[in-house]
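Visitor: Protein chains in written order, with this note's numbering: chain A, 1 to 565; chain B, 1 to 170.
None of these hints come from the bench; they were simulated from the model. Some hints here could point you the wrong way.
In the BS3-like style, the derived pairs of lysine-lysine whose C-alpha atoms are separated by at most 25 Å in a straight line are [claimed, not checked]:
id, chain 1, residue 1, chain 2, residue 2
1, B, Lys86, B, Lys6
2, B, Lys161, A, Lys275
3, A, Lys316, A, Lys343
4, A, Lys70, A, Lys80
5, A, Lys248, A, Lys275
6, B, Lys86, A, Lys248
Residues of chain A placed beyond 10 Å of chain B at every Cβ, according to the derived structure [as the list claims (entries may be wrong)]:
id, residue
7, Glu35
8, Ala106
9, Ala284
10, Val448
C-beta atoms are modelled at their ideal positions from N, C-alpha and C, and glycine is treated no differently.
Here are the chains, one letter per residue:
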Amino acid sequence: MYRYNPVDHAIVRARVEQFRDQVARWQTGELTPEEFRPLRLQNGLYVQRHAPMLRIAVPYGLLSSTQLRKLAFIARTYDKGYGHFSTRHNLQLNWPKIEDCPDILAHLADVEMHAIQTSGNCIRNVTTDQFAGVAPDEIIDPRPLAEIIRQWSTFHPEFAFLPRKFKIAISGTADDRALTWFHDIGLHLNAGMDGQPHFRVIVGGGLGRTPIRGQIVRESLEWQHILTYCEAILRVYNRYGRRDNPFKARIKILVQALGIEEFARQVEEEWLHLKNGPSTLTQAEFDRVSTFFTAPAYSPQADSDELLDHQTLADKAFARWIARCTHPHKIAGYAAVTLSLKKHGQAPGDITADQMDAVADLADRYSFGELRISHEQNIVLADVPKADLYELWQVAKAAGLATPNIGLLTDMICCPGGDFCDLANAKSIPIANAIQARYDDLDHLFDVGDLELNISGCMNSCGHHHVAHIGILGVDKNDAEFYQVTLGGRQGNNAQLGKVIGPSFSAQEMPDVIEKLIGVYIEHRHADETFLDTLDRIGAEPFKDKVYEGKVRRGKPAPTEKEAA
Amino acid sequence: MARIIKQGALVDDPWQILALNEGDLAETVPLPTGPVIFPFDVWQAQREAVLARDIPFGLWLDSHQGPEEIAVDFGHFALIAINFPKFVDGRGYSTARLLRSRFGWMGELRAIGDVLHDQLFYMKRCGFNSFALKAGKDIDGALATAFTTWQDNYQAAVDQKQPLFRRSAA
Ligand code: SF4
Numbered sequence: 001m002y003r004y005n006p007v008d009h010a011i012v013r014a015r016v017e018q019f020r021d022q023v024a025r026w027q028t029g030e031l032t033p034e035e036f037r038p039l040r041l042q043n044g045l046y047v048q049r050h051a052p053m054l055r056i057a058v059p060y061g062l063l064s065s066t067q068l069r070k071l072a073f074i075a076r077t078y079d080k081g082y083g084h085f086s087t088r089h090n091l092q093l094n095w096p097k098i099e100d101c102p103d104i105l106a107h108l109a110d111v112e113m114h115a116i117q118t119s120g121n122c123i124r125n126v127t128t129d130q131f132a133g134v135a136p137d138e139i140i141d142p143r144p145l146a147e148i149i150r151q152w153s154t155f156h157p158e159f160a161f162l163p164r165k166f167k168i169a170i171s172g173t174a175d176d177r178a179l180t181w182f183h184d185i186g187l188h189l190n191a192g193m194d195g196q197p198h199f200r201v202i203v204g205g206g207l208g209r210t211p212i213r214g215q216i217v218r219e220s221l222e223w224q225h226i227l228t229y230c231e232a233i234l235r236v237y238n239r240y241g242r243r244d245n246p247f248k249a250r251i252k253i254l255v256q257a258l259g260i261e262e263f264a265r266q267v268e269e270e271w272l273h274l275k276n277g278p279s280t281l282t283q284a285e286f287d288r289v290s291t292f293f294t295a296p297a298y299s300p301q302a303d304s305d306e307l308l309d310h311q312t313l314a315d316k317a318f319a320r321w322i323a324r325c326t327h328p329h330k331i332a333g334y335a336a337v338t339l340s341l342k343k344h345g346q347a348p349g350d351i352t353a354d355q356m357d358a359v360a361d362l363a364d365r366y367s368f369g370e371l372r373i374s375h376e377q378n379i380v381l382a383d384v385p386k387a388d389l390y391e392l393w394q395v396a397k398a399a400g401l402a403t404p405n406i407g408l409l410t411d412m413i414c415c416p417g418g419d420f421c422d423l424a425n426a427k428s429i430p431i432a433n434a435i436q437a438r439y440d441d442l443d444h445l446f447d448v449g450d451l452e453l454n455i456s457g458c459m460n461s462c463g464h465h466h467v468a469h470i471g472i473l474g475v476d477k478n479d480a481e482f483y484q485v486t487l488g489g490r491q492g493n494n495a496q497l498g499k500v501i502g503p504s505f506s507a508q509e510m511p512d513v514i515e516k517l518i519g520v521y522i523e524h525r526h527a528d529e530t531f532l533d534t535l536d537r538i539g540a541e542p543f544k545d546k547v548y549e550g551k552v553r554r555g556k557p558a559p560t561e562k563e564a565a
Numbered sequence: 001m002a003r004i005i006k007q008g009a010l011v012d013d014p015w016q017i018l019a020l021n022e023g024d025l026a027e028t029v030p031l032p033t034g035p036v037i038f039p040f041d042v043w044q045a046q047r048e049a050v051l052a053r054d055i056p057f058g059l060w061l062d063s064h065q066g067p068e069e070i071a072v073d074f075g076h077f078a079l080i081a082i083n084f085p086k087f088v089d090g091r092g093y094s095t096a097r098l099l100r101s102r103f104g105w106m107g108e109l110r111a112i113g114d115v116l117h118d119q120l121f122y123m124k125r126c127g128f129n130s131f132a133l134k135a136g137k138d139i140d141g142a143l144a145t146a147f148t149t150w151q152d153n154y155q156a157a158v159d160q161k162q163p164l165f166r167r168s169a170a
């Protein structure tokens, strides 16, 4: 992974001191709360329901065991001994004190981490695929370019006060796993005709209150031009994006208003001035950064498939875990492993400090000391010898990290919701827990099979409910918490938004609603059909009929106007 | 006289900014005497009258106004100012970069309006060289620390034409 050089260190340390000074000026009243707000947000610090929330960046999801141990230390020392992984490669602490945050940032800087631009109207943490570098379907490893974009976006002087937040995702695989169609800029790395990496540049996607699939602004861009091209996009957005209404300020609204052709024309015109300028990437820089992402020292593995067959036959629980929590690897004899943070009865994405230490140990022992965070809020050990899987599983199980539910119903994405977040219309974690309790039986869960269910506590859609097969959205109906259900959303190359099935439900109704939806699938499915296959074949009507049996179907409730900072 | 930060020092500043109040029209607002920074709209509407005063004057752009329409007139301006109506309105950073890098404005470029300590570093990088800090703010403290927050930066900008990767490769 990338290691800081003295300049990188100095830049992050200077930020710690700057923030210490900003906190001090806020405490003396020199900075008004209103003036302090964007400054603390650009350091990931929110003021939340119970306490401040600090959002720490995990750039493109990559962590070393040393870094994770530091996060464990911070969670123990400055918080209540746990943290929460969000859907955008961040770790959130829910109970730090504002006065402690400069010290927390200093601890992070010790291990080459920070909370820079994890919130606020600026360029956020760049995200990618959790299997980068090891996925068999990978065309180009996105991590070097993700790091280059991270550096370029860090304290970019022109784009620190954009109309609204700005998120970039980059993917280098045939099958998109980074939700690139739903980012402000989505980048697909591809091999061009010349054999060099090229980008397809997608712009104006996003979830949130106005979910829109992004559109292609440029089909093919040579890699050297990525920074100047992004600058052109950002400049057009910074100048012409709406600032009169925060709900209309994302770049997607500008792209919609202008139309993609006109938007592209303006970007290309701007880019003409920047193209081939000093920010054009050099081969030397690409090579320098790439050396940090070379393959680890894989050792030739004896054919362990027979051993694995033997182990899975002998142990059904292990077989289940193998089926759900291991993934193909481009090197023979290795597998990628997902450690589930979706243990039933626990808030999805939450991890205790002890678990962090346990994961760090596992990474050291079995996966070259590195790990990744997935946007599905799980942890991935990317390079595990297959022969070690059984041992790893036993340790992970003891640490509560081996629930064999990856890709299954209870591997839900779930935002912190009304338990923590000020913007929430409704709680989301209790809904997740209630569904987990209903599907606690593993046989049942396996029988239901591949199914993505996501929950957001409000229209800001941090839980990505729009792109889930079953999406749940908290809404506020006459000051009571209700839940709206969507069906048919999906991520990947054919990413699509789910459609609302009808009026919303109370919290108590939700587990039954989910059970009914799944009942319809089980009743109608053909052999080998997933929930989504059946839904696509028979349409949403049979599902609606079942769920609203004996209920009046009225119009959908209007969501309330709240917006995330 | 108000104090501003100019070329890295505190100086007394003689310029007064003409702002259109409610009811004022760009076409008819009386032009004050002395050194004045005129809003773009007044410059457009009363160009001949402004020139007829025959003393140096400045021009200020509001955050929604771009540099495109004033480039041909650079020769007339003693300085250009960019207004930040609210500090979170970041359009002025792009305007400044364009003025410096694309349109070649070499003279004084001043940040006015809601200009606060923690914006100064970015403003300097985008090409501003004078700063009228918001009234009531600690201008001495700002001058002492705000321009030196970082010793080095990743990106190319107006103050450093080469990005870090081109400098460290050399
Ligand atoms: S979706 Fe809404 S409730 Fe959930 S974390 Fe985001 S802003 Fe908060």
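Visitor: Out of the numbered hints, which ones does the structure contradict?
Guide: Failing hints, ascending: 5, 7, 9.
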